[in-house]
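Q: Going down the list, the sequences are from chains A and B.
Going by full-length UniProt numbering, the first sequence opens with residue 1, and the numbers climb by one from there.
Going by full-length UniProt numbering, the second sequence opens with residue 1, and the numbers climb by one from there.
Don't take every hint at face value.
[To be verified] DMTMM-like mimics (lysine to aspartate or glutamate), calculated; alpha carbons at most 20 angstroms apart, straight line:
| hint | chain 1 | residue 1 | chain 2 | residue 2 |
| --- | --- | --- | --- | --- |
| 1 | A | Lys90 | B | Glu66 |
| 2 | A | Lys166 | B | Asp111 |
| 3 | B | Lys180 | A | Glu177 |
| 4 | A | Lys180 | B | Glu170 |
| 5 | A | Lys180 | B | Glu177 |
| 6 | B | Lys90 | A | Glu63 |
| 7 | B | Lys180 | A | Glu170 |
| 8 | B | Lys27 | B | Glu48 |
| 9 | B | Lys90 | A | Glu66 |
| 10 | A | Lys90 | B | Asp100 |
| 11 | A | Lys180 | B | Asp178 |
| 12 | B | Lys90 | A | Asp100 |
Honestly, the hints are just simulated from the structure, not real lab data.
Protein chains: 2
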Amino acid sequence: MPSTHTDKAFEADLRDLREKLLAMGAKVEAHIADSVRALTERDSTLAERVIQADKEVNRLEVEIDETCRRILALRQPAASDLRLITTALKIVTDLERIGDLAVNIAERAKDLNEAPPLKPYVDTPRLADLAQQQVKKALDAFVSSDVAKAEAVLKEDEHLDVLYLKIFNELLSYMMEDSKNIRRATALMFIAKHLERIGDHATNVAEMVVYMVRGTDIRHPRSRNLTTAP
Amino acid sequence: MPSTHTDKAFEADLRDLREKLLAMGAKVEAHIADSVRALTERDSTLAERVIQADKEVNRLEVEIDETCRRILALRQPAASDLRLITTALKIVTDLERIGDLAVNIAERAKDLNEAPPLKPYVDTPRLADLAQQQVKKALDAFVSSDVAKAEAVLKEDEHLDVLYLKIFNELLSYMMEDSKNIRRATALMFIAKHLERIGDHATNVAEMVVYMVRGTDIRHPRSRNLTTAP
Chain A
1 MPSTHTDKAF EADLRDLREK LLAMGAKVEA HIADSVRALT ERDSTLAERV
51 IQADKEVNRL EVEIDETCRR ILALRQPAAS DLRLITTALK IVTDLERIGD
101 LAVNIAERAK DLNEAPPLKP YVDTPRLADL AQQQVKKALD AFVSSDVAKA
151 EAVLKEDEHL DVLYLKIFNE LLSYMMEDSK NIRRATALMF IAKHLERIGD
201 HATNVAEMVV YMVRGTDIRH PRSRNLTTAP
Chain B
1 MPSTHTDKAF EADLRDLREK LLAMGAKVEA HIADSVRALT ERDSTLAERV
51 IQADKEVNRL EVEIDETCRR ILALRQPAAS DLRLITTALK IVTDLERIGD
101 LAVNIAERAK DLNEAPPLKP YVDTPRLADL AQQQVKKALD AFVSSDVAKA
151 EAVLKEDEHL DVLYLKIFNE LLSYMMEDSK NIRRATALMF IAKHLERIGD
201 HATNVAEMVV YMVRGTDIRH PRSRNLTTAP
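For reference, chain A alone in the conformation it holds in the complex (with noise of 0.2 angstroms):
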């Protein structure tokens, strides 16, 4: 990326922004993964672990607020490097509740360990896979500016949906065969929603990035909800 801030201090807080937003990239992706294996393999040590954790996401993310308000104060940057900096305040809320949806869905995790299990959990893991890869990608995209990468994110959001779509049809037929199955089912939708969601936020990051490259926003002409289920 061209930059009108070539000293030495202000592409060291660059560096410095963008390992803190890896960082807390990192923790998270692994609660998404943490939060549906504590459900998987009813592990509720594991899902108390993430609930725990959550406040080290917490804390990065005021770290990295001040390390953007410090850069603007400091070093005035202008044109892309100014898009840069807002844009990485933006992203840093996203990572933010994603983290907390994760906290979400390992409570959750926690209240269906105590009852057996509905069924075996196939496409769960999966659409957390997905979830957390779209999460990693997005952020690649954002440090290394690739507008590519980011059109890849929205691309790929289309598979979440459709697996969302495809689970929340499944626990709606469990539910109407037998009402024991609706609390249980009811929970495991809204697990299913909460991964959706983190992929909603994936997609708000790389629709973020191609703007900040772009200048150009594209973040509104396409609609978010593909879906038809709730």
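Following the hints, put chain B in place on chain A, whose structure we already have.
A: Below, chain B alone, put in the same frame as chain A:
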């Protein structure tokens, strides 16, 4: 709020920014109310209007982002002014997501209007009212830099969580009672969840206002999820 920038151009910029944010806020507040009215009055034309009007919300998001970046580039604000602009950049994202949630509710309303109503809707419009008021108060707290108002929003969030839980449990019992209720009750559950999330967005805004004014981050000591429902 004490300002290090006293020149008139800067004040005019800030006034412009506040006005745009309030205009965007007024729009999303109306969309929350209309999306739920589309459900309670079985008015799918109104639902469609909410869906179409979201374009304007999205346009305002892009415009406000640009305004913030222009102020940062031209005025190079420091200290509390810098916090004001960086907070506005984050708040606008919350407002846009609230708009998306209203669209999602409107889409569910359209589907639900195709079938006979499950039950008279009493608590859902109440939850919508509370959520809408929370958004309004949080945004007022921002434009007037009013910490007391922001703290009132944080305190009030508990009432939304309690009401959401009540709706959730009632819908669960409808589902248990008769499997013919399941599909509609699930859709209503997601509508209630969306309203509760709108309340969470208002809470996010309020937390940012406290930080903006006090310079102390209170975003993370309290948990966002007090409910035990998914």
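Q: Hints first: check each against the structure and report whether it holds.
A: The hints, checked one at a time:
1. Lys90/A <-> Glu66/B: 14 angstroms, holds
2. Lys166/A <-> Asp111/B: This hinted pair holds, its Cα atoms lying about 18 angstroms apart.
3. Lys180/B <-> Glu177/A: 11 angstroms, holds
4. Lys180/A <-> Glu170/B: Within the cut-off at roughly 16 angstroms; holds.
5. Lys180/A <-> Glu177/B: 11 angstroms, holds
6. Lys90/B <-> Glu63/A: It holds: about 16 angstroms lies between the C-alpha atoms, which stays within 20 angstroms.
7. Lys180/B <-> Glu170/A: Holds, at about 16 angstroms.
8. Lys27/B <-> Glu48/B: With a Cα-Cα distance of about 15 angstroms, the restraint between Lys27/B and Glu48/B holds, given a limit of 20 angstroms.
9. Lys90/B <-> Glu66/A: 14 angstroms, holds
10. Lys90/A <-> Asp100/B: Cα-Cα ~17 angstroms, so holds.
11. Lys180/A <-> Asp178/B: Holds - the C-alpha atoms of Asp178/B and Lys180/A are around 12 angstroms apart, at most 20 angstroms.
12. Lys90/B <-> Asp100/A: With a Cα-Cα distance of about 17 angstroms, the restraint between Lys90/B and Asp100/A holds, given a limit of 20 angstroms.
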